[in-house]
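The hints should help you fit chain R onto chain A, whose structure is shown.
Protein chains: 2
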Amino acid sequence: MAHFRTATALRRRGGDPVFDTELDPQWTIGTKLHGGYLLAVLAKAAAEVSSHPHLTAISGSFSVAPEPGPAVVEVEVLREGRGLTQLRARLSQGGAPCTEALITQGVLTEGDAWWSGVDPVEIPPEQDCLPVPADGGGGFRIGLMDVVEQRLDPAAAGFAVGQPSRKGVISSWLRLADGSDWDPVSLLVALDPVPPISYDLGIAGWAPTVQFTAYLRGLPAPGPVRVRMRAGELGGDRMDEVAELWDEKNRLIGQATQIAAVRLP
Amino acid sequence: MAHFRTATALRRRGGDPVFDTELDPQWTIGTKLHGGYLLAVLAKAAAEVSSHPHLTAISGSFSVAPEPGPAVVEVEVLREGRGLTQLRARLSQGGAPCTEALITQGVLTEGDAWWSGVDPVEIPPEQDCLPVPADGGGGFRIGLMDVVEQRLDPAAAGFAVGQPSRKGVISSWLRLADGSDWDPVSLLVALDPVPPISYDLGIAGWAPTVQFTAYLRGLPAPGPVRVRMRAGELGGDRMDEVAELWDEKNRLIGQATQIAAVRLP
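First to last, the protein sequences are chains A and R. Using UniProt numbering, the letters of the first sequence correspond one by one to residues 1 to 265. Using UniProt numbering, the letters of the second sequence correspond one by one to residues 1 to 265.
Only chain A is shown next, with the shape it has when bound in the complex (with noise of 0.2 angstroms):
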């Protein structure tokens, strides 16, 4: 099994901010690598040349999916400033551009919020929950399934048998299954669960993420986390998803936004 720290391992050459990587062929959907590990690469790319240690917000534009295999990495610092640095970051394979993103390190800590307006996420308890399997049938293989154990609310695991909610949430527990805990980096994953939130809808079919944001709020807490998808709208061939994601203290620690391409009826 690919632990999240070694699919994600890079080799800096020399001094310039440029770093191979090999793409690891577990975390995907699919024949598709995950956007949310993707990012992941990136972000960690990011930290290596930046003053400022945590992850607090970055945005992914994904233009080709790249394969499971070598890519290459490259860093430019936008700004190092004194509260936070302000990168650019850009995965390539085969000298095209596959996943670009804006990346924000900064400061985070364990401490709670001052305000919230957010919604606390309603779960039941993880045991109560349903594993999402490796194999979501018709011969379609989740391997990234078989990296985080995610279980999911039972009142929005309709889909399943052909009955969904047309709510538009998904809520779910998240586990990393090589026992690490989560960090602001491998979060990334964890806000881009699976399935896209259109399942809920009634609408079959992948919903590939065209562009997604995320902000990382605070240190997570050891275990596991919980995370809400809620649909947004969808017209014109497009949706958009939020996902919040709370730790074991019940903190919100990241949020998430994508606008993916979807077949509407």
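Just so you know, these hints were derived from the structure itself, not from any lab. Predicted model only: the values in this text are computed from it and were never measured. Treat the hints with care, since some could be wrong.
[Said to hold, decoys possible] Each computed DSS-like pair below joins lysine-lysine, with the alpha-carbon atoms no more than 27 angstroms apart:
1) R:Lys249 x A:Lys167
2) A:Lys249 x A:Lys44
3) R:Lys167 x A:Lys167
4) R:Lys249 x R:Lys32
5) R:Lys32 x R:Lys44
6) A:Lys32 x A:Lys44
7) A:Lys249 x R:Lys167
[Stated by the list, open to error] Residues from chain A that keep clear of chain R, each with C-beta distances beyond 12 angstroms, as calculated:
8) Ala2
9) Arg5
10) Thr6
11) Asp20
12) Gln26
13) Lys32
14) Glu48
15) Pro68
16) Pro125
17) Pro133
18) Gly139
19) Ala204
20) Gly218
21) Pro222
22) Glu233
23) Arg238
All C-beta atoms in this analysis are idealised placements derived from N, C-alpha and C, irrespective of residue type, glycine included.
Below, chain R without anything else, positioned relative to chain A:
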């Protein structure tokens, strides 16, 4: 008065995707150029080199605040696809990168959504809302309010008299003062309205945007738009804000999220 069209005008340097522009001193808050205005300049440049007509997504990172005056925009096409073009763009001044953006161009329509999970905005009629003056008090000038006519929901205007509602929601009506209708690019200005939502939570001081992301979902009907700005969570000297925008036909035509720096009490 600086019309939006002239304030975002570009001169292309021959065949390269490099443009000269003149950042307009009226599109400012205090001495700082407005973030939505800067992204609009980048989006206009991206449209010039894309085969798809409409801005559909943009993520920007604000590293250095440029001064009004000459600036350069460079665009790179990441991928030209069948349904969309993905690009990156950089605004720089004196050779220093100021604003970097990831942009997706596509095709927007005047059609309705297929499904929506977004609560409709609630706001009194435009004439019952309160104009935001360009004089921000204490010598603080909001030049943007000379070129954008913004009227605040009175329910959220209490901060102006020291009585913030502390609900974390501010809604307003917006028109371009030059009389032109909104389009997907100018809506970037409307998606970053004044003041920051922290005012409604009783926190004084401006809140500079670190990263900002917008999705444009449809072509706006002529007339004013309504925007609702909501605070997500405030903690660790950061806050996230979500903006949603409706046109005269009550269609959700734009959405945005930003993470901003804020000095918490």
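Each hint, compared with the structure:
no., hint, verdict
1, R:Lys249 x A:Lys167, "24 angstroms, holds"
2, A:Lys249 x A:Lys44, "26 angstroms, holds"
3, R:Lys167 x A:Lys167, "26 angstroms, holds"
4, R:Lys249 x R:Lys32, "33 angstroms, violated"
5, R:Lys32 x R:Lys44, "20 angstroms, holds"
6, A:Lys32 x A:Lys44, "20 angstroms, holds"
7, A:Lys249 x R:Lys167, "24 angstroms, holds"
8, Ala2, "28 angstroms, holds"
9, Arg5, "26 angstroms, holds"
10, Thr6, "29 angstroms, holds"
11, Asp20, "21 angstroms, holds"
12, Gln26, "26 angstroms, holds"
13, Lys32, "15 angstroms, holds"
14, Glu48, "18 angstroms, holds"
15, Pro68, "20 angstroms, holds"
16, Pro125, "25 angstroms, holds"
17, Pro133, "27 angstroms, holds"
18, Gly139, "26 angstroms, holds"
19, Ala204, "14 angstroms, holds"
20, Gly218, "7 angstroms, violated"
21, Pro222, "20 angstroms, holds"
22, Glu233, "4 angstroms, violated"
23, Arg238, "7 angstroms, violated"
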